[in-house]
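Protein chains in written order, with the numbering used here: chain A, 1 to 203; chain B, 1 to 339.
In short, the hints are calculated from the structure, not lab data. All of these numbers come straight from a predicted model, not from anything done at the bench. Heads up, some of the hints might be wrong.
[Unchecked claim] Computed far set for chain B versus chain A, every beta-carbon distance over 12 Å:
# : residue
1 : A75
2 : A290
3 : D294
4 : G304
5 : T321
[What the hints assert, rightly or not] Computed spacing ranges between beta-carbons, pair by pair:
#  : chain 1 : residue 1 : chain 2 : residue 2 : range
6  : B       : V198      : A       : D155      : 32 to 40 Å
7  : A       : Q107      : B       : A260      : 45 to 53 Å
8  : A       : G112      : B       : L314      : 22 to 30 Å
9  : A       : A46       : B       : L314      : 21 to 29 Å
10 : B       : D128      : A       : R158      : 38 to 46 Å
11 : A       : V152      : B       : R111      : 53 to 61 Å
Even glycine gets a Cβ: it sits at the ideal position worked out from N, Cα and C.
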Amino acid sequence: MALIVGLPLLACSSDGGDADDATIEGVDADGAGVPGGGGDGAPEPAASEPDEVYPHVAELLGRYDGLVEQIVADPAALESGDLRGDFLDLFVPDSGFAETSLDGWAQMAADGVRLTPASPDHPLNFTYIDGGVRALGDDEVVFRHCTVQRYVRHDDDRETDRTAEPLLLPGTGTAVRVDGEWRLAELTTPPGLTGCTHGSEGP
Amino acid sequence: MNHHRTTATVGALLLAGTALLAGPTPAGATPATPAASSAPTAPGAPCPNQVNGAQCPEAGAGRGGRVVVTVELPAGSVQGGGGGGPTCPSADEEGREPGEGEGWMTYDEWRELNAPGVYDPGPPPSDDAVYWVFACLMRSGFEMGVDFDWWAVEQGWGTPDEPPEAGPTATDILEPLWAHVQGLLLPPAPVLQPDEDVRSNLKIPTFVAITNPQPATEYRTTYAGITVWITVDPTVTLHPGEPGAAAVACDDDGTTYDPAGTPPRDQAAADGACAHTYERRTGVRGRPAAWTGDVTITWDVAWGSSEPGQSGTLTADPSVTTFQRIVDETQVVNTGSED
Chain A
1 MALIVGLPLL ACSSDGGDAD DATIEGVDAD GAGVPGGGGD GAPEPAASEP
51 DEVYPHVAEL LGRYDGLVEQ IVADPAALES GDLRGDFLDL FVPDSGFAET
101 SLDGWAQMAA DGVRLTPASP DHPLNFTYID GGVRALGDDE VVFRHCTVQR
151 YVRHDDDRET DRTAEPLLLP GTGTAVRVDG EWRLAELTTP PGLTGCTHGS
201 EGP
Chain B
1 MNHHRTTATV GALLLAGTAL LAGPTPAGAT PATPAASSAP TAPGAPCPNQ
51 VNGAQCPEAG AGRGGRVVVT VELPAGSVQG GGGGGPTCPS ADEEGREPGE
101 GEGWMTYDEW RELNAPGVYD PGPPPSDDAV YWVFACLMRS GFEMGVDFDW
151 WAVEQGWGTP DEPPEAGPTA TDILEPLWAH VQGLLLPPAP VLQPDEDVRS
201 NLKIPTFVAI TNPQPATEYR TTYAGITVWI TVDPTVTLHP GEPGAAAVAC
251 DDDGTTYDPA GTPPRDQAAA DGACAHTYER RTGVRGRPAA WTGDVTITWD
301 VAWGSSEPGQ SGTLTADPSV TTFQRIVDET QVVNTGSED
């Protein structure tokens, strides 16, 4: 397995120079307040305007994190209620990534595994855009993201693992505009990578 | 056996720099191992993401229930050298000025950027080898997020004076991989019960087993640090050949009649059964001596790669195998007792 090099200086730090002062204007931690959002029916911006697409992707990631936290806390709950539908709504139709995610959580439920936040002050799963959003076409963007995880693992209600430090998992995501609305397509956290440009707190 | 008809998702886009996940390979390098397809393999590297394993590319391999087959391309089979070397994505797009310092830089220079995407290059291939990174400053200029964002587009070993030669693109690798995969898309080998060379009886189902099942499969290869995969999702259909008979959707291995099981008609009526009960005799009233049926496999093929934006669909001709079914009203064919 290849090892990452050249990253430790930034891997667990949020003092990323100029980036520290940057803010996501109009978007809170849950992605609320997206410009142009609110279901007014207007098409969301094209990928050619990445700075306009950014908050929409950030909002999707915020919703993703919220749902993931609910799901892994009780994966069996996917069998009932709205969680499954809410999760699929974040993604492009027939998303293989979404289905694979749900399959994995169904297996977690079958194995008696659940995850809970390791800290009352932090979410279990926090995904932020670690840099910009780049257009792949009119209706598709790619972005580098960081997933920050702090969790306690329970096997049959017995604690078996706990993240002592935030786990920083960088990767790449894609989003696709479907019928004028941005949806997540895929998120990756490749093996062999740790550390994010903006540390555990994000930009 | 069921094959799963899952919409292919081939947008597993990674950072350009993550192409070295499987271990750094100098750009343009030639694999040393001869051509071969591995046996179906389980996903390889452990997934670091315990919250959602689907986020791991390797966990994604084989998604949708596909078998994963690793293909090692023959040495020299990949043509092309990337079309003159790497360029910065969208560098010429409106509103983006090429950033200062873009282009090839040595590994030491790259480290000063403190940007992710470059991995341990391992031992140098020679004493004077230098590791190079082709970096792009994806300065977007927007007010949110960061105002700098370096991307490692390509990397590899070169000399102190020269960066590595341009490596292949994902499409360069796709071509021989697709040629290899096409050779693996075989016509179905159906076996009829009752046998094809005996007369079938009216009202007695004909079962069609397929002796060379070809499940949904993902073929993948890594060449010069770029991973390319092709997903093949077959759809198997039985066309009985009898006028007015509907096509029957089959699993990839069809259906084998079980003499110890339920009555033939019940087995034929089961969900997913690859079977047909002929209603019309052959060889009478101007009808042919036998109905010509077939088993057809249509292939949904998509491809993707570890290179952003390098994905798409491919077209493969359906694979068809015909058979003859003689249907007689009086001849008893012993496929098992029926109550």
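We went through each hint and held it up to the structure:
no. : hint                        : result
1   : A75                         : holds, 23 Å
2   : A290                        : holds, 41 Å
3   : D294                        : holds, 29 Å
4   : G304                        : violated, 10 Å
5   : T321                        : holds, 30 Å
6   : B:V198 - A:D155: 32 to 40 Å : violated, 58 Å
7   : A:Q107 - B:A260: 45 to 53 Å : violated, 34 Å
8   : A:G112 - B:L314: 22 to 30 Å : violated, 42 Å
9   : A:A46 - B:L314: 21 to 29 Å  : holds, 28 Å
10  : B:D128 - A:R158: 38 to 46 Å : violated, 56 Å
11  : A:V152 - B:R111: 53 to 61 Å : violated, 36 Å
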